[in-house]
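Peer 1: Read off the chains here:
There are 2 protein chains.
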Amino acid sequence: MESVKKIAILGYGIVGSGVAELFYTNRKQIEKKAGTALDLKYILDIRDFSDSPYKEKFTKSIDDIVNDDEVVAVAECMGGVEPAFTFIMKCLEKGKSVATSNKELVAFKGDILLKTAKNNNCNFFFEASVGGAIPIIRPLHKCLAANRITQITGILNGTTNYILTKMETSGLTFEDALKEAQQLGYAERDPSADILGDDACRKICILSSLVFGKQVYPQYVYTKGIREITLEDISEAKEKGYKIKLIANVKEINEKITVSVSPTLVSTENMLSQVSDVFNAVMIYGNGMDKVMFYGRGAGKLPTASAVLGDIIGSISSDGTVISQYWESSENSDFIESFDLNNYTTLKLKSGKELIILN
Amino acid sequence: MESVKKIAILGYGIVGSGVAELFYTNRKQIEKKAGTALDLKYILDIRDFSDSPYKEKFTKSIDDIVNDDEVVAVAECMGGVEPAFTFIMKCLEKGKSVATSNKELVAFKGDILLKTAKNNNCNFFFEASVGGAIPIIRPLHKCLAANRITQITGILNGTTNYILTKMETSGLTFEDALKEAQQLGYAERDPSADILGDDACRKICILSSLVFGKQVYPQYVYTKGIREITLEDISEAKEKGYKIKLIANVKEINEKITVSVSPTLVSTENMLSQVSDVFNAVMIYGNGMDKVMFYGRGAGKLPTASAVLGDIIGSISSDGTVISQYWESSENSDFIESFDLNNYTTLKLKSGKELIILN
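Residue numbers (our numbering), protein chains in the order written: chain A, 1 to 359; chain B, 1001 to 1359.
Source of the hints: derived by calculation from the structure; they are not laboratory data. Some clues are possibly wrong.
Straight line, CA to CA, 25 Å or less: simulated SDA-like cross-link-like pairs of lysine to any residue [stated by the list, open to error]:
no.	chain 1	residue 1	chain 2	residue 2
1	A	K115	B	K1251
2	B	K1032	A	N120
3	A	K240	B	T1169
4	B	K1291	A	E21
5	B	K1224	B	D1198
6	B	K1032	A	R148
7	B	K1240	A	R148
8	B	K1115	A	I316
9	B	K1166	A	N359
10	B	K1301	A	N287
11	A	K32	B	K1090
12	B	K1032	A	N287
13	B	K1166	A	D290
14	A	K256	B	K1028
15	A	K301	B	H1141
16	B	K1032	A	S317
17	B	K1291	A	Q29
18	B	K1251	A	T25
19	A	K32	B	Y1285
20	A	K32	B	H1141
21	B	K1291	A	E269
22	B	K1291	A	T165
23	B	K1028	A	E252
24	A	K28	B	T1321
25	A	K256	B	E1031
26	B	K1301	A	N120
27	B	K1251	A	Q29
28	A	K251	B	K1291
29	A	K256	B	H1141
30	B	K1028	A	S317
All chains, full assembly: derive it from the sequences and hints.
Peer 2: Structure representation (structure tokens):
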């Protein structure tokens, strides 16, 4: 009889429960793509889920998973740096591949985790950490591998894009649009990581690290959120042919890279201006393909779970470490050019805000 | 000393010469991603290129390439079914992986080529055959592997999209827009494969075969081009909130699939309506990720070359056949539901044309 390989989920929140649900919904197809019979053996969570249909799979001890040789791949959906980092390190050191949706962790500790995976001949994958369901990590390092990537520009935070869309289309103030986003579950009770730009910052760090081969830490990134954007700014932008979007950007300048997150005037001619509500999109520029854009749901239970499970399938069907998805630690920031508005075309609004223009 | 692996190009037209150019422009990075030193050893073409900087690489005999054990991967950029098919079969039978931009070949002979690659433990890749530079094949079978794909809808032909865009934005007639496209090199002297829908048909065949696992031949596809679309149709559509686009579509109906190419009313709310000029885009619907869209240049020298070289890198850096990118021959068409307008929401224009609506 063919042996059944086992997977585990760390964290049974929105994404983790989505991974379990989607796995059982699409199990046959997932097994076919992975080339092996598969089952979910453990779910790690400190909370009790005695009503869950999966109740017998729950454990509170990471060691149950780490020490079980049947477990070949682990989906980390806990969020935050600790204890996720410690738990993942234990899994990788045992040669178990890990797929994560945790952008904070990858932005701060990606280099260490990638190195540990490499040393243990397994994979640390993170497709779900940027752009939710949107395939972006694998296309960047695989499909576009023959290009020199010169710039990446994206709408990477769904909450702020929802707020800006509502301000533009329904005339809601920032505060009211935020309240609506919270009621719909698009924004958290403490929305600061979204509206101050920190979430988008972590995601552009991950894309920058992947493309340029060195860890780009959040502190290297000029980060400005949308809190100060007013209805007047938005209508002035509209008159002039722009929409205001929170744009995360990395580009080459003077053989270095410069990375930023800021409210930006996006020309209505640019496809990114058409990305509304909670959708995300990433435009990638390269010297062969010109530009390509990826668009889809940047968050949500099943969309994010679909990306995590795609990585689980990829890790099980590949032998050894995928070396092209890798970056080194950065001892210093001498490959980063400081952010300087003079390197961009800008427009000063009546409110005095000087915003970058994206044509 | 590390051995240098060799590649060959079949056909030195627009795409083939782009592959050579982009390879030497980005060689260092390509070698890094492939994990080995690489060089271009042969270019096969029946014409003489004695002025070319690569003149010593030209050969008129496929056997030079087939019998050279140094050659590990071959880029086929000849177009047409023969002699490309015979040449590729010879390469695959010797265990040399092949990357192609040739949609006609894949749409008619994909099953045989994939089987031959599998039997010889090498790869037959075709990212460049659909959507030019846009990563679509690998994301479909890798990144979105955890989804049940329910529908794929795309603008897959740049020539017709250019013509429709010019009719809409500049008020050119079909004939004048076609003439302009020909002058710009976007349409061929004989433009029938584009404007009758055959080119888009071949591409949706490839995507359908990949997703549903059986060869979908062009004769199974309801195919209607844009020749009859008038300026009046376009302006009536605009009044009603639509743009007319040539849409290739495959969707599940009654546990079968139905495949079509036809002029379609795309709601201006739909991202596909924003895809203008020669750009292509593909929207993919699945039960996990909801929908994602890929957008970019669907043709052109370097964009297409970038996809071919991405596949060359992929074939060199992978051990053995990528089994998930595979489909079977189809003995009959009993998995295809005949096209029936009653399965779609439609609108009858004043001219009497009944077009499908895409919201």
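Peer 1: Compare the structure with each hint and give your call.
Peer 2: Quick rundown of the hints versus the structure:
1. K115(A) - K1251(B): With a Cα-Cα distance of about 42 Å, the restraint between K115(A) and K1251(B) is violated, given a limit of 25 Å.
2. K1032(B) - N120(A): 21 Å, holds
3. K240(A) - T1169(B): Measuring from Cα to Cα gives roughly 20 Å; hence the hint holds.
4. K1291(B) - E21(A): Within the cut-off at roughly 18 Å; holds.
5. K1224(B) - D1198(B): 8 Å, holds
6. K1032(B) - R148(A): Given that 25 Å is the threshold and the Cα spacing comes to 12 Å, the pair holds.
7. K1240(B) - R148(A): Status violated; Cα separation ~43 Å.
8. K1115(B) - I316(A): Roughly 23 Å between the alpha carbons, so the hint for K1115(B) and I316(A) holds.
9. K1166(B) - N359(A): Within the cut-off at roughly 21 Å; holds.
10. K1301(B) - N287(A): 12 Å, holds
11. K32(A) - K1090(B): 30 Å, violated
12. K1032(B) - N287(A): The hint holds at about 17 Å.
13. K1166(B) - D290(A): Given pair K1166(B), D290(A) holds - Cα atoms ~22 Å apart, limit 25 Å.
14. K256(A) - K1028(B): Since the Cα atoms of K256(A) and K1028(B) sit roughly 18 Å apart, the hinted pair holds (cutoff 25 Å).
15. K301(A) - H1141(B): Given pair K301(A), H1141(B) holds - Cα atoms ~21 Å apart, limit 25 Å.
16. K1032(B) - S317(A): 23 Å, holds
17. K1291(B) - Q29(A): Since the Cα atoms of K1291(B) and Q29(A) sit roughly 18 Å apart, the hinted pair holds (cutoff 25 Å).
18. K1251(B) - T25(A): 20 Å, holds
19. K32(A) - Y1285(B): 20 Å, holds
20. K32(A) - H1141(B): Answer holds: K32(A) to H1141(B) is near 11 Å, not above 25 Å.
21. K1291(B) - E269(A): OK: K1291(B) and E269(A) at ~23 Å, within 25 Å.
22. K1291(B) - T165(A): At roughly 19 Å apart (the allowed maximum being 25 Å), T165(A) and K1291(B) satisfy the hint.
23. K1028(B) - E252(A): 18 Å, holds
24. K28(A) - T1321(B): Given pair K28(A), T1321(B) holds - Cα atoms ~21 Å apart, limit 25 Å.
25. K256(A) - E1031(B): Within the cut-off at roughly 22 Å; holds.
26. K1301(B) - N120(A): Judged against 25 Å, a Cα distance of about 41 Å means the pair is violated.
27. K1251(B) - Q29(A): It holds: about 18 Å lies between the C-alpha atoms, which stays within 25 Å.
28. K251(A) - K1291(B): 28 Å, violated
29. K256(A) - H1141(B): 35 Å, violated
30. K1028(B) - S317(A): At roughly 28 Å apart (the allowed maximum being 25 Å), S317(A) and K1028(B) break the hint.
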